[in-house]
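K.L.:
Start from the sequences, fold in the hints, and give me the full structure.
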Amino acid sequence: MSKELSVVLTLLSPFIGGLVYGFERIVRARMQNRQGPPILQPFYDFFKLMDKRSIMIHSFHAFMGIMYLIGTWFSLYVLLSGGDILIAIFFHVLSLAFLVIGGFSVRSPYSVVGAMRELIHMLAYEPVFVLAAVGLYLVTGTFQVSELLKTDTVPILTLPLVFIAFLLSLPAVLKKSPFDIAEAHQEIIGGPEIEYSGKFYEAVYTAKWIEYVYAFFFVFLFAGGNYFLGAVLVVLSFFIVNLIDNATARVNFRQMVSFHWYILIPLVVVNLMLLALWRA
Amino acid sequence: MEQIVGALIVLPWIFAIAVFLSPNHRLRQILTFLSLPVLTYLAFKVWNSNLPFFVETPHWVETAVTVFDYLLLGYFLYQGIKFRSFLVSVLAVAQLFLLTWVLLILPHSATPPIYVDRLTSFMYLIVATVGTIICIYATKYMEQENLDRENRFVAILLWFLGVMNFAVSVNNIEWFFALFETTTLASYILIRFRWDEISVKNAIRALWMNQVGGIAILIGILFAVKYYNVYNFTDILKINATAISMIPLGFLSISALVKGAQMPFHKWLLGAMVAPTPVSAILHSATMVKIAPYLILRISPVIKGTLLAKLLITTTGFVFVAAGLLALTQDNFKRILAYSTISLLGLMMLTASMGSSVAILASLLLIFFHAVVKALLFLEAGIMEKEFHVKYIEEMRRLIEKAPITVFFIALGFMSMTIVPYGIFIAKWITLEEASNFISHGAYIASIIFITIGGVILTLLYFKVIGVISRKRGEFVSFKLEKLPFIYMFTTGLYVISTIVGSLFIAHFSTDFVNLVVKDITGEFANIKAESLTLITPVSQIYDWQILGAIILLMIVPVSAYFVYFKADRVYEYTCGENISLNIGTYNFSCISKIEPFIETIAVALFVLTLVLGGGLV
Numbered sequence: 009m010s011k012e013l014s015v016v017l018t019l020l021s022p023f024i025g026g027l028v029y030g031f032e033r034i035v036r037a038r039m040q041n042r043q044g045p046p047i048l049q050p051f052y053d054f055f056k057l058m059d060k061r062s063i064m065i066h067s068f069h070a071f072m073g074i075m076y077l078i079g080t081w082f083s084l085y086v087l088l089s090g091g092d093i094l095i096a097i098f099f100h101v102l103s104l105a106f107l108v109i110g111g112f113s114v115r116s117p118y119s120v121v122g123a124m125r126e127l128i129h130m131l132a133y134e135p136v137f138v139l140a141a142v143g144l145y146l147v148t149g150t151f152q153v154s155e156l157l158k159t160d161t162v163p164i165l166t167l168p169l170v171f172i173a174f175l176l177s178l179p180a181v182l183k184k185s186p187f188d189i190a191e192a193h194q195e196i197i198g199g200p201e202i203e204y205s206g207k208f209y210e211a212v213y214t215a216k217w218i219e220y221v222y223a224f225f226f227v228f229l230f231a232g233g234n235y236f237l238g239a240v241l242v243v244l245s246f247f248i249v250n251l252i253d254n255a256t257a258r259v260n261f262r263q264m265v266s267f268h269w270y271i272l273i274p275l276v277v278v279n280l281m282l283l284a285l286w287r288a
Numbered sequence: 023m024e025q026i027v028g029a030l031i032v033l034p035w036i037f038a039i040a041v042f043l044s045p046n047h048r049l050r051q052i053l054t055f056l057s058l059p060v061l062t063y064l065a066f067k068v069w070n071s072n073l074p075f076f077v078e079t080p081h082w083v084e085t086a087v088t089v090f091d092y093l094l095l096g097y098f099l100y101q102g103i104k105f106r107s108f109l110v111s112v113l114a115v116a117q118l119f120l121l122t123w124v125l126l127i128l129p130h131s132a133t134p135p136i137y138v139d140r141l142t143s144f145m146y147l148i149v150a151t152v153g154t155i156i157c158i159y160a161t162k163y164m165e166q167e168n169l170d171r172e173n174r175f176v177a178i179l180l181w182f183l184g185v186m187n188f189a190v191s192v193n194n195i196e197w198f199f200a201l202f203e204t205t206t207l208a209s210y211i212l213i214r215f216r217w218d219e220i221s222v223k224n225a226i227r228a229l230w231m232n233q234v235g236g237i238a239i240l241i242g243i244l245f246a247v248k249y250y251n252v253y254n255f256t257d258i259l260k261i262n263a264t265a266i267s268m269i270p271l272g273f274l275s276i277s278a279l280v281k282g283a284q285m286p287f288h289k290w291l292l293g294a295m296v297a298p299t300p301v302s303a304i305l306h307s308a309t310m311v312k313i314a315p316y317l318i319l320r321i322s323p324v325i326k327g328t329l330l331a332k333l334l335i336t337t338t339g340f341v342f343v344a345a346g347l348l349a350l351t352q353d354n355f356k357r358i359l360a361y362s363t364i365s366l367l368g369l370m371m372l373t374a375s376m377g378s379s380v381a382i383l384a385s386l387l388l389i390f391f392h393a394v395v396k397a398l399l400f401l402e403a404g405i406m407e408k409e410f411h412v413k414y415i416e417e418m419r420r421l422i423e424k425a426p427i428t429v430f431f432i433a434l435g436f437m438s439m440t441i442v443p444y445g446i447f448i449a450k451w452i453t454l455e456e457a458s459n460f461i462s463h464g465a466y467i468a469s470i471i472f473i474t475i476g477g478v479i480l481t482l483l484y485f486k487v488i489g490v491i492s493r494k495r496g497e498f499v500s501f502k503l504e505k506l507p508f509i510y511m512f513t514t515g516l517y518v519i520s521t522i523v524g525s526l527f528i529a530h531f532s533t534d535f536v537n538l539v540v541k542d543i544t545g546e547f548a549n550i551k552a553e554s555l556t557l558i559t560p561v562s563q564i565y566d567w568q569i570l571g572a573i574i575l576l577m578i579v580p581v582s583a584y585f586v587y588f589k590a591d592r593v594y595e596y597t598c599g600e601n602i603s604l605n606i607g608t609y610n611f612s613c614i615s616k617i618e619p620f621i622e623t624i625a626v627a628l629f630v631l632t633l634v635l636g637g638g639l640v
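Chains as they are written, first to last, in this note's numbering: chain A, 9 to 288; chain B, 23 to 640.
Bear in mind the hints are in silico, worked out from the structure with no lab data behind them.
Just so it is clear, CB atoms sit at the ideal spot from N, CA and C, and this is done for glycine as well.
One or more hints might be untrue.
[Unchecked claim] With the C-beta cut set under 8 Å, the calculated list includes, among others, these residues of chain A facing chain B:
(1) Val142
(2) Phe151
(3) Leu165
(4) Pro168
(5) Leu169
P.N.:
Structural data, given as structure tokens:
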């Protein structure tokens, strides 16, 4: 990917993410036999929120919300600029750190519980992400995203189980049911987001749109240089994630971590082992 | 050069005696402060000299070491009898027996007993910078605790530095045993320094556990002499161990695991926290436990690729994960730090056992940055104890309101152990990529899983603590920076600056400095390059703008977060409209405490496996 394109994509990512989010709400509504909001609804919400009276708990907390947006944006650029894929994964942790510290910094039970759960989410999905990156390295011979996008090999053909594992860990990244314990609206009312409002909530809200772009770009990488297949994979995984979201109930944190560690990680390992066998 | 190496060993002892005898607190502080520039200068002199070189010693030194050995073990035996510790006495007697045996069969060797290479000189630099700063800090700490015993305390710390310098420069393993046990003595004296019941109990435990390491070294020497007729590190590096016997190397690795407080021998390091905090700082960062990765690095070219190395990787990788998990259940700040040291020592030894140039580079980076950061965190623990009277996580709630600087330094210390772009992260990252190189044969996937899961558990742990200390009330508006004594600010400030500068210039630090050490250990440079701030590894690179961006995000942002002020209306936290008094604690992860016996069982099993299978005892 050229430098200009990555800059443009990064700058546009809130719009792309917003559109994806709007589309997702329609898809979910149709799955539930509802009409759903217009596709631009997230942007209407955006302007409404900008207009609201800004209230906050304290400046430190509000500032962390804004930093979460900037951090996520930066980590997306790290991914899109074609650098090292592992570095991009760990930059995502960095951006999450701001949300977590923000969540911890207020004396609100829901926010503190949510921030801790946010960390447990990371505990669950990060090993899967790193192992997926290792798998991609194994078949393409590079950790650089720019090189990955140029290869002729199509990683998903040799890494089907890794792809499945990755796909099943996406709900944890995007906080979708059954792995939405960090937000859990019926239980902890949005977790770390709860204490944000007005403009500051807007920052957190936008950061989540950017995370959509971040997560689905990873899916795109599984097609290597075959962009058409990449697009198909992204659309497919988008539908699957929403289908799972609609069809399942929330699990508790222990079930989430066990699912990721004891099912998804072995799945990746089996794939890598088979690959080693097949190649040798 | 011989004189400089001698000075590095003897000067700390002279400083120690001078500090011990000087009557005036101010004079003691000045003397301790002098040790920093003097030792650093000498260490740099050695670094810049023509390395590696051997040093011949006169014959009386040999005799002196032997006499010292017997005196030391006799002292251990005396302590065992005095405190009625069966284990200490029995182990001391066993060591006396084995030592006599060793001395009887030791053949004549033409190899000089002192060998100084880049690795030694690297350790000198760490001791000279990180170690002496802790001593400077200790003068203030003891002033607040008990001025009468300050001279004794600081003198022991300084003497310890000399011992450590000696330990990393010896080539003769019999001498290494003597110094290994001298560091045990130093830790024993320091841990029981407060002379209360629990201090003595923990000191005795540290004593017997470390003696197990001493016995392992002695048995290792016996087997090395039996099979190869050698007892010097440089000679051991020349043998072809896989062909004949791995037993000596197996026992040496075991002694490293014990010294490095790997499970199941981790309790002695946890017990060390009862001593004054500078003791923990010096044990965890510059001296003592760093002998463990040092020893593995010394023998890593021989054990590379053997079953022993693989079992070491498994054992230390397991400890990396398990110690991190157990740390989650702790509520004492120093215990959390201790567990995280155990965990990271596991990672250091894991990378050292992998043995490839890049892995060795990662191990050295870990040793350096861990020394700096752990020293910083322990000094902060001491500051919190003395200035704010908090020891437990529960008491640390809302510390940010009272002590923004302390909180910022602690947060920085924790972040620099997990997050991009700090040194420890870089080490973890290049290890991951190095392990991925082997994975096409199906090997090393376990180490990748260990490294990722262990790393993410440590992240969880550190953010749990940062979360507690950074919580504040909504009505608290303006931060007022706390006033700390000058020495506290100076010492911690030095560590903070070196962490940040070291991470910023990590590329050049790795290529121009650490890579020379790698060359001395493995015989070839790690294949990395530096272009301005960009670090280029064999398969990938971390760009300058990434490093800069992350440092700006992590540095300037938290600082400005103290001073940013938004104009917005204030509300109270949402509590479903109920007016309840809040007392927010943190998670104690009791679900992990339940599996602690299980974890320890696995640790024992792996430990035995390393010795039995790795050492080839079957």
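K.L.:
None of the hints should be skipped; say for each whether it holds.
P.N.:
A quick look at each hint next to the structure:
1. Val142: holds (5 Å)
2. Phe151: holds (4 Å)
3. Leu165: violated (17 Å)
4. Pro168: At about 18 Å, which exceeds the 8 Å cut-off, the nearest Cβ of chain B leaves the hint on A/Pro168 violated.
5. Leu169: Interface hint status for A/Leu169: violated (14 Å vs cutoff 8 Å).
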